[in-house]
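With the hints in hand, could you dock these two chains into one complex?
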Amino acid sequence: MAEKKGVGHAYNVDFLNVVFAASSIFLLLSTVWMVWDDYDRDWKNTQRSFARLQYNVSKLQYQAARDKVDRPKIQQLQAQIKAAEQNSKANQSKVDELQKKVDDTEIQLDRAGRDYQYMKATYDHDRYDFESARAEKKSGWEKKEQVVADEAKQLRDLDLNVQKLTAERNAAQQNLNQYTGSIGTLRKQIEDLRAEQLRLRKVAESQAPSATKDYFLNAPLLDFLAPTIKINQLILPDVVDDVNFKTVPKMDRCTTCHLAIDKPGFEKEKKYPQPFQTHPNLDAYLGSKSPHPIDRIGCTVCHDGMGQSVSFKDASHTPTGEKQKEEWEKKYGWEEPHEWDYPMLPTKMTDASCAKCHKQEIYLPQAPALNVAYATFERAGCYACHKTRGFENMKKPGPILTKIESKLTKDWVKTWIRNPRAVKQTTWMPRIWYNSNSDSKQDWVRNEVEINAAVNYLFANSEKWEPPVRNPKPGDAKAGEKIVKSIGCQGCHVVGEGSRDEAGPHRTFGQPLESIGAKTTYEWVFNWVRDPKHYNPNTYMPNLRLTDAQAADVATYLMTLKGGGGAEAKATYTQKDVDDTLLDYYTALMPAESAKAAVAKLSDDQKQIDLGQKVINRYGCFSCHDIKGFEKTQSIGTDLSEEGSKLVTRLDFGFVTDIPHTSKIGWFDRKLHNPREFDKGRVLQPLDKLRMPNFDLSDVEVERLLTAITSFQRDTQPIQAFPPKSARRDYTVAGRTLVHRRNCVGCHIIEDDGGDFLKLVADSSLGPPRLTPEGARVQPDWLYAFLRGPIQIRPWLDVHMPTFGLDDANLNGVIHYFQAINNNLEAFRTYDVATTANPVGKALFEKLQCQKCHVLGEIPKDQPTANLAPDLRMVHDRLNPDWLLPWLKNPASFLPGTRMTQFWPDYPKSPYPELGGDADAQMRAIIQHLESLRGGPTPRKGSSSNGVVATN
Amino acid sequence: MGFVKGIINAVTDPKIFFVGAVALLFLVLWKREKIASNVVGYGVLGALLAFFVFGTFDPNFRLIVTKPDNVPIVGLIFLLVFFVWYSIREAVFNDRRITAGVGPIEKDESDRVWVWPDLVYTELISLILCSVLLIVWSILLKAPLEQPANPANTPNPSKAPWYFLGLQEMLVYFDPWLAGVVLPGLIIAGLIAIPYIDKNPKGNGYFTFKERKAEITLFLFGFAVLWVSLIVLGTFLRGPNWNFFGPFEFWDIHKLEALTNVNLSEYVWVRLLRTGMPSFWLIRELPGILLVLFYVFALPVLLSKNLFKSYYQKLGPPRYYVACFLFLSMMSLPIKMLSRWLFNLKYIVNIGEYFFNI
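Protein chains in written order, with this note's numbering: chain L, 1115 to 2066; chain U, 122 to 479.
Hints in this document: simulated from the structure, not taken from any laboratory. Just so it is clear, the structure is predicted and the values come from calculations on it, not from any experiment. Hints are supplied without guarantee of correctness; some may be wrong.
Stated by the list, open to error - The following label-pair restraints were derived from C-beta to C-beta distances:
1. U/V257 x L/E1305: 17 to 27 Å
2. U/F476 x L/V1146: 38 to 48 Å
3. L/D1753 x U/V257: 13 to 23 Å
4. U/F147 x L/M1704: 51 to 61 Å
5. U/V383 x L/D1829: 45 to 55 Å
6. U/V383 x L/P1774: 21 to 31 Å
7. U/V383 x L/V1797: 20 to 30 Å
8. L/R1764 x U/V161: 43 to 53 Å
9. L/R1843 x U/V257: 55 to 65 Å
10. U/T177 x L/R1313: 55 to 65 Å
11. U/F147 x L/R1764: 40 to 50 Å
12. L/D1753 x U/F344: 12 to 22 Å
Unchecked claim - Once the Cα atoms are required to be at most 30 Å apart in a straight line, the calculated DSBU-like pairs of lysine-lysine come out as:
13. U/K376 x L/K1760
14. L/K1182 x L/K1316
15. L/K1746 x L/K1473
16. L/K1439 x U/K188
17. U/K136 x U/K188
18. U/K126 x L/K1794
19. L/K1528 x L/K1715
20. U/K376 x U/K126
21. L/K1439 x U/K263
22. L/K1528 x L/K1742
23. L/K1555 x L/K1803
24. U/K376 x L/K1803
25. U/K426 x U/K323
26. U/K263 x L/K1360
27. U/K188 x L/K1444
28. U/K188 x L/K1445
29. L/K1427 x U/K280
30. L/K2003 x L/K2023
31. L/K1760 x U/K280
32. U/K263 x L/K1437
Backbone N, C-alpha and C fix where the C-beta goes; we use that ideal spot for every residue, glycine too.
The following block holds chain U by itself, in its conformation from the complex (with noise of 0.2 Å):
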């Protein structure tokens, strides 16, 4: 059993549990067809459940999981999986319809609008259930007073939210003005902006993978990958000085990481030019904000060449250089996060004189 928990503590690791999240992702895109069935479902939320059963025994686990901040967590994961399997589902029946020829079920029904008694009852029904479900947790789950806050004594691990985990979670690879600000500034405008963006009428209204497939990834690497995965991450496995813990590890206070983040420029400068860091910032960190430029203004350009290229001539040049900014803005996180792994890059620009690092 503790083998069993070591390999669990182990594969949690944020890196394997990050690069683990994406190929699962693309692995239920790419066997889409065989997932489909209720047998994988129930199958894959039972294999779910029994985890939680399993580990509930291991009093680290227990702790965590069933702290009454967590357990709405863990009810995300199950809704989650859920969710992102039923559409699958439903996409993938649909994509059978369309091959048929018979088009998607939704259009079938498109004429009808059952609103009384379907709609409404169903409403009722539920209301009911959520007012027993609040009831109940209000009268299983206890929040207690705890001690006054102190300015001088802030909790280890200072968690923020359960929603913006996902946030705090990218604070270990960006700065505050980043991490805390553009970022999720551009979250909220890329979202506002999606309408404008993609004319593409197929989809509407119905399940669908097949017409939408580059679309549907997109998303769903950014909500389920890169946003709830990481509240999970930030919830369950991060622990004291937001030190990584594997679920069946004890949160010691103590535990130390090896941490040795080297910059940009160094690399640079000292590892591949074999000099000294220049004294001037703009010389020092120049190598980084050419990349970043690159980045943010050639790069849509070079990409609108070939590999969008297709999507350069779809969306017309406005709409194109939005979406791609956005897309670019995005993958900057999983890049950064990458470059932290496999390089312990710490800045890719970093003026300390001016409190300005990316």
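So here's chain L without its partners, still in its complex pose (with noise of 0.2 Å):
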């Protein structure tokens, strides 16, 4: 400023043209480069690559049905018209006279309608102004009566007007017909057959790319009129966001980028790319016939993820693994989501979700990987120590050690919980001393303090107990064997087979049975097969109703499995070292000097006792197992009830810092893996260190507990998004909690589930029986007497139904549940039962030979057991009359893989000639004749076997 750059001129304005040009160039460049960053957005370039696919797809399926359409029927068709046509024209004078009626009085018609129209609106105006008129008392509202009277007249004249022409030009089209009705009609059939074909060609067509659509409409700038890349969004009113002040219904723009979702034929296996695969399961989800339609249902109330975004980082996808994440490095410059609360959820574990809206069930036959991590998560007894909601008033998964004294030796609990998992390889029974912070050297001292102390405590609180039965004799081991394997112990323990992820939670439902030989005495395993109760009167362990001999076998065999080492002792301690630790546990309750008082007060046996005492309070032992003086005790986790909603920024990380610190999955991976590993790198005093016990779990058990830890949401959908509420579901889901808590499907297969011992079966029709339709087989009383005490309905198998000790609210629970499932659900009521002979299905019976494999008093000789069937006797007392029919036209259909043959595989036609050779009338005969037998076992008390039903 300070030098002249021309008189009159601060500045040189040749200069400052070339600045403003210059300036204008860039105003210029930044804005076209403006309109291209909002052309050339990510959604944008997907939807025209998919456009592009849709078009190619559609081209195909119009050629495909444009090569299946029926030529010379068409050809014909045409030969057929073309004849019709000339029948026309030989009566082509007749022909014009009659089309000229029918549009005469066409004509006529529309102007006859016309009227009507006009004469209605005049009629209607008149009568709301007579109506308001009179109401309101106004002036001469008398006379409007008259007029509007007079125009309703007339509009029903112009009516009838209308009625009577249009009732003529009928009369005049039909004539017409007569000669050229035909040609329409073949006309109509030609594009019947090529209605597909020429529906998939509009479709092609608009799909077509077009110089409207591709210049016009989406051309930049232009692209806001009316385009045809546009978002698209579902607003769903029946679920909701919750964005902390108030709920709003959910809105999600996934379909902006995945097209296809919700459209067939764009399926993963025919390699479409992501995203714009159809969902993998329409039936279940999106369909508008499925329980959950896209319209309702959406996105992101399932998958998680900002619902509002529509690009690829901000909507927060989540890869399912280590090769995904590095793809999408690539490809899209992923990055952990960490500006969304809860990211979307990795693909495996979206079943977590169906917990938002299914609360509290613990089965679900849609989500196989939430009913696995449910049972993973009670059998690793999670829901001991972390209060659960839904997993409340559980018994304690492990043992009780109020009786200790008479089942367990001292250095064997020591040796048991320095490692457990070195003892029995597929217990879930925890690691609770020796983890990583706590096996320094200088910890190892400390350890063994509190092992000795807490084991101290459990001795000295034990109660005595007096076994039934006392110095039993000893069985045959190799008898035993066999009992053990075949009579279906197997469904709840496992013989140290495998790891603990492939027995499964099924079969460790008890405790494994390795090494159980150098755990405990004979003769307390004798007296616990003979009668689990007596021990233990709220175990879960049914009675499986050995005779002695039979559970002296079983006990001398469970004593054979010795093996098993376990961890010793690595440090050795002396008394300064107990009072030094129990002088650290009293210095956190009160002041120093009262705390040295207190331990100073006690004997060297006292310390022992008081010290195991806060050790077992520590570490909660008491969460899992019933220890006497802890009866009323607070169970010492984090509650995990809305644990999957916690924040991350809730989560606590530590020093650990090769997981981004945004990753919530990554935190309880880590924690489940190993659960003190926050404590890394951290000076902390034994009383402030984590305390959660190893489990040692595998990569398959974490990622079970992860999706159900994921799945214990707030409650935040609304009640609309529930599934309805009836009778029949409640009993569905009492009864699916009851089965899976009983382990009842570690045996059995209920609703495709379970039967992890028929697994083991040999041949499965001699295992464990499918229960799915046992509500609709059975009779509910019959059902109730049986499982209060189980007959042996099939003699011949090995494995037993043993008896579990219900109460009758557990029973009603079953039946009901086996009715709910079978949608038979009734009230009590009573079954014409046939007491007569049928002679007809008497002989039917024999001509099918039904002996042949079932019992009828005797079982048959000559069959192989896998063919036997149950005693016919049983039929009035145990099956529902209702069952027979449907169960005799196709067993398999209820039982698939059963032995029973379909006698009528051409239902309704039948291969026999009695009754006139009627299926029905045949099956029938057969069924009463079966009802008509008696004499056969029953479970029902206090009456023969034609009981109170049949005599009904």
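Written out as structure tokens, the structure is:
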């Protein structure tokens, strides 16, 4: 500014011109860039490439439809049209005359219709005028009444005229059709044949690239008018987003890119690329007939992520594994989502979201990943330390320790708790000491002090238990092994086979039997097997009703299972170490001086027990085991009821830096693999250390538990999102819980789940029965009696139904559940059971050789055991009469793989001549015959086989 | 490289940063003759640029500096340095002319007003360039949609908009009623009062330093140091839990700082007089109250007798007392900062009974 650039100017104007020109060019360029940046957005490019893909697919579909069209038929029809046209030509004058008549009446009808419309409008207006005038008592309203009445009459006349003309026109048309009608019908037939082809052509044409679309509607700057490329959004009033201050309907824009998600035809199997694939399960999700239609449920309520976003990154996609992660990083510049509280779940964990609406259901037929997750959660006993909604008031997962003295020795218990899995590979008992934050040399002494004190407390607080049979005689180990392997023990127990995750949650329901011989005494095992409820009245172990001799065989065999070393003590300790440790516990509770005094007051034995009490209290042993003195103590873990909704900022990553601190899944993954991980690198006093024990979970188990934890969500979704309430549903949910918590599914397949023992049986006909149709098959009161005291329905089986000792509420729960899943819920009813024999039925019965496989008092001799079938004398007592007919029609539809023959494969035709070859009548006759049979075994107490039901 | 970063992390500690900023201001004003040269001006800007380029190789530094919210503050640093340097340069040139007896350069041209085409044309060009800047900025720096605000989960650190970060920094030293209400109110009132207090016509319409030494120093201290440098500090150097982090330091949410602050009353009663704290608040806080009363009411009078004598005479009592009050209010911030750093002083007056703390 200091120098002059010319007279009267502060600046050199020529230079300013140059600057102006340059800046204008920059402005132009930046504007072009801006427009291009908008035009080039990811989702727009995605839609463009989908448009091309979809056009190609539609073209192919159209071509396929065109090739499928029946050409000869069309040609034939066209020939017929020609013939018909010639026929009408022959009567040309008549046709013309009739056509003229049709046209004339058509014109008259048109006029009359219009007159009627005018009159109607006038009438409506005047009527309202009159009505309002009368209501307001305006002067002259009486006159209006007459006008309206007149108009109403005129209107009726006009209407009649229209009806008359319509009839005339139709009559004329019919006359004409006598000559020309067949042409129209034939044309219609051709059109019908080509309908699919034409429809697909129209679809393809609408999708074809066009100049209007590409250069006008979707052109940069013009694409705000009516573009074909636009954001698709679903507004979902039934499911909501919680925006903290209130909840708002979900708004999912996922379909902006996932354009074929609800359209069949773009399946993954056909190798269509993402994001254009169809949802893998349209029958269950998104389909308009599915229970979760896309316009009600949308996407993010299940998958999570930011539904409003149309960018790959902001939508918070989460990869399923390392490979996909690297691929995404390269392709989309993906990074761990941190701008959305609930990033998308990895696909294998999506089942966790079912629990948002299917609350407190521990089994969902459509959610296998969640089912095994919950089963693992229960088996690991997570709920015992961590209060969790839906898992309250459950039995403690571990055995009772109130009678420990009569079962175990101190040395065995110490070895066991030092490292349970060193003794039993498949146990769920976790490792409490010698973990990553307590396995340095200076921790060893304290570990041993605490272990010893805890054990001393348990033994000092053990009550006496008098075994019902003292010093039982030994049995035969070989025979015992046969019983253990065949009677069904393995439905709940593993005998040292494979790993824990291979055995799965059903088969690890009970304690693993490996090295049980080194654990306890023969006497204890014998008495336990003979009557488990004597030692622990609350145990879930059922009574297998073994004879004393069988129990001795089993116990003798189990005592041969020695094996298993276990961990030795790593250090020895002195009384001073005990005192120091106890003092440490006391100092946390009171001033140092009082603590010293409190410790000094105790004798050495008292110190052990006192310290043991504090140790058990700190590590929460009482959460899983009944321990005397801890009956009312609260569990020690974090409440997990809403853990899945916890924000990542609430998690302490400590000095663990090799996982992103924005990943909730990453944190839980580490925590589950090593619960003490986040103590790494910290300076901590012993009592400040993390204390969750280590379950040595495998990757598979961690993934299951991650799914379970993720499913524990805060209540956000409104009631209209939930499955509709009904008694049937309630019974189903309660029953599923029951059959899973009692591990019925360890042996039986129910609703396509379970049957772990069945898989171990060589021939499935010799295993535990499939129970899905049970509610339709048997009479409820028979089932009630059977569950209370099972009888042998197929005596040739090695596997036995044990006595569970369920109370009436649970028994009824089971019965209602089976009825509910068969949609067969009914109030108490009696059955009309035939009491008189049916000779035709009997003849057919013999003809079909039912007795060849079915027992009728006597077990058929010449059949392989796999073919044998239940005693038919039980029919009237056991089976629901409504079940028999559909069962005979098609047995395999109820029990796939059944050996029962389908005798009427061509139903309703019958291969047998009796009763006029009527399959239905033949079946009814057989059923009547079966129902008249008496004398079979029954579980009902105090009633003969022709008991109450039969006489009704 | 780690060593250099370590040094930089250390010297950006708020104490050193603040004291350094004050020292730098006085150094600049003292050595203004040297600084007025183009070499120094562009050299400083170049060095600043080099520092940022060097810094961006560090992931922690890059994360903070390139955060879309913080980019304007980077611009602010450059603009502030440039304009301070530019005004000093112009002032130095004019001072030379004034000493030579020719008067400031603006006087030479005071009879001309260049509106067309100079003003209008340059305004148009500025408009266009600003548009370009805004467009390019909006394309390059995205503003992503984030998770819904959650009152139970506020961001850590919770930062005010950048222009309030100076005020937020004051919250470290003062209670909200002072740092958030009284002092900002005084800033506004003081800015309004300036034309009525300062009736000296020198420096009107031209750059000069010599003729307005005290005023310009005071202004630069208040604006560049107390306002802008605290914004820069708050933006780049305050991390989770409002802890201090060096520019190359990772923002660890678990970082702990040893803070044990002591009230003046404890100093007086416990440490000095070695008695217990009086139970009645008025007696307990009497030393602090007296000190504050002295600072606000007695000090201006004392100063009018010696240090500010000439101002007292020039301005007259009413103007002097208003100006002195505003000046002392402004100085209360650095005084409180210093006493915090030197003596761990928490409150001068701490009447917890009535939620009244100074």
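We went through each hint and held it up to the structure:
1. U/V257 x L/E1305: 17 to 27 Å: 59 Å, violated
2. U/F476 x L/V1146: 38 to 48 Å: For L/V1146 against U/F476, whose Cβ atoms are near 59 Å apart, the range 38 to 48 Å is violated.
3. L/D1753 x U/V257: 13 to 23 Å: 51 Å, violated
4. U/F147 x L/M1704: 51 to 61 Å: 58 Å, holds
5. U/V383 x L/D1829: 45 to 55 Å: 48 Å, holds
6. U/V383 x L/P1774: 21 to 31 Å: 41 Å, violated
7. U/V383 x L/V1797: 20 to 30 Å: Check passed, 27 Å falls within 20 to 30 Å.
8. L/R1764 x U/V161: 43 to 53 Å: 52 Å, holds
9. L/R1843 x U/V257: 55 to 65 Å: 59 Å, holds
10. U/T177 x L/R1313: 55 to 65 Å: Because 60 Å falls inside the window, the suggested range holds.
11. U/F147 x L/R1764: 40 to 50 Å: 48 Å, holds
12. L/D1753 x U/F344: 12 to 22 Å: Once the Cβ atoms are compared, 53 Å apart, the range 12 to 22 Å for U/F344 and L/D1753 is violated.
13. U/K376 x L/K1760: 23 Å, holds
14. L/K1182 x L/K1316: Status holds; Cα separation ~17 Å.
15. L/K1746 x L/K1473: Holds, at roughly 28 Å.
16. L/K1439 x U/K188: Within the cut-off at roughly 24 Å; holds.
17. U/K136 x U/K188: 25 Å, holds
18. U/K126 x L/K1794: 27 Å, holds
19. L/K1528 x L/K1715: Between L/K1528 and L/K1715 the Cα gap is close to 27 Å, so the pair holds against 30 Å.
20. U/K376 x U/K126: 19 Å, holds
21. L/K1439 x U/K263: 23 Å, holds
22. L/K1528 x L/K1742: 19 Å, holds
23. L/K1555 x L/K1803: 16 Å, holds
24. U/K376 x L/K1803: Distance of about 19 Å is within 30 Å: holds.
25. U/K426 x U/K323: 25 Å, holds
26. U/K263 x L/K1360: Distance ~27 Å between U/K263 and L/K1360 Cα, so the pair holds.
27. U/K188 x L/K1444: 22 Å, holds
28. U/K188 x L/K1445: 23 Å, holds
29. L/K1427 x U/K280: Holds, because 25 Å separates the two Cα atoms, which is no more than 30 Å.
30. L/K2003 x L/K2023: Judged against 30 Å, a Cα distance of about 11 Å means the pair holds.
31. L/K1760 x U/K280: Cα-Cα ~24 Å, so holds.
32. U/K263 x L/K1437: Holds, because 28 Å separates the two Cα atoms, which is no more than 30 Å.
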